[in-house]
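**Q** The task is simple: from the sequences and hints, build the whole structure.
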Amino acid sequence: MIILINGSFACGKSTTAQLLVERLYHSMLYDPELVGASLAAIVKPVETFSDFQDLTAWRPLVIETARVLKQVYGRTLIIPIALWHRPYLEEITTGLRQLDPNLYHFCLTARKETLLNRLAQRQHEHTEQALAWIQERIDRCVLAFDAPGFDVQIPTDDKQPAEIVTEILTHINNSPL
Numbered sequence: 001m002i003i004l005i006n007g008s009f010a011c012g013k014s015t016t017a018q019l020l021v022e023r024l025y026h027s028m029l030y031d032p033e034l035v036g037a038s039l040a041a042i043v044k045p046v047e048t049f050s051d052f053q054d055l056t057a058w059r060p061l062v063i064e065t066a067r068v069l070k071q072v073y074g075r076t077l078i079i080p081i082a083l084w085h086r087p088y089l090e091e092i093t094t095g096l097r098q099l100d101p102n103l104y105h106f107c108l109t110a111r112k113e114t115l116l117n118r119l120a121q122r123q124h125e126h127t128e129q130a131l132a133w134i135q136e137r138i139d140r141c142v143l144a145f146d147a148p149g150f151d152v153q154i155p156t157d158d159k160q161p162a163e164i165v166t167e168i169l170t171h172i173n174n175s176p177l
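Counting in my numbering, the sequence shown runs from 1 upward without gaps.
Be aware that one or more of the hints could be misleading.
Here are the simulated distance ranges between beta carbons [said to hold, decoys possible]:
1. E91 x P148: 12 to 22 Å
2. E128 x V72: 37 to 47 Å
3. G74 x A120: 39 to 49 Å
Listed next, the in silico DMTMM-like pairs over lysine to aspartate or glutamate satisfying Cα-Cα at most 20 Å (straight line) [as the list claims (entries may be wrong)]:
4. K112 x D139
5. K112 x E91
6. K44 x D54
7. K112 x D100
8. K159 x E22
9. K70 x E91
10. K112 x D157
11. K112 x E136
12. K70 x E22
13. K70 x E33
14. K112 x D146
15. K159 x D146
16. K112 x D158
17. K159 x E113
18. K70 x E113
Hints in this document: simulated from the structure, not taken from any laboratory.
Values in this document were obtained by computation on a predicted structure and should not be read as measured data.
Using N, Cα and C, we set each Cβ at its ideal position, and we do this for glycine too.
**A** Below, the structure written as structure tokens:
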């Protein structure tokens, strides 16, 4: 099984994913941001970009890394990701579904005000440059993740991470997959 936890920055993806790993037997956390950061460091001298998701090599590497993790460890992958651009989402979910047809895609949503408040509360975690980069993308994320097609949408404005995890596990347990 693969569980994709999608959503905007500051919606609770990482916390939810970590709690899922703790509650879901035989699972592991796989963060494609690590793949993106490594790839960005490698291609920086030869390619200009502002978001590693725009790098052509990133999407196939995300899928290939998932394939290797599934093959070597045989565990459920829990993948937190802010994947709002529909073509990239389709490319990655299609590739992941080929690895494991038991792909669940949950999209955590929140109002813009909620996201900005959460970012302000954890400002110490980000550099000023990183915070500005995230804030530039909040509007497009909120708009994109509110649209149909992001599978199971879970509003997080008034929920604790444990409640979100319970909702995800309930959905998986009641799913015909």
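**Q** Next step is simple, just say for each hint if it's right about the structure.
**A** Tested hints:
no.	hint	in the structure
1	E91 x P148: 12 to 22 Å	19 Å, holds
2	E128 x V72: 37 to 47 Å	39 Å, holds
3	G74 x A120: 39 to 49 Å	41 Å, holds
4	K112 x D139	7 Å, holds
5	K112 x E91	27 Å, violated
6	K44 x D54	13 Å, holds
7	K112 x D100	33 Å, violated
8	K159 x E22	19 Å, holds
9	K70 x E91	18 Å, holds
10	K112 x D157	10 Å, holds
11	K112 x E136	12 Å, holds
12	K70 x E22	18 Å, holds
13	K70 x E33	18 Å, holds
14	K112 x D146	11 Å, holds
15	K159 x D146	17 Å, holds
16	K112 x D158	13 Å, holds
17	K159 x E113	15 Å, holds
18	K70 x E113	38 Å, violated
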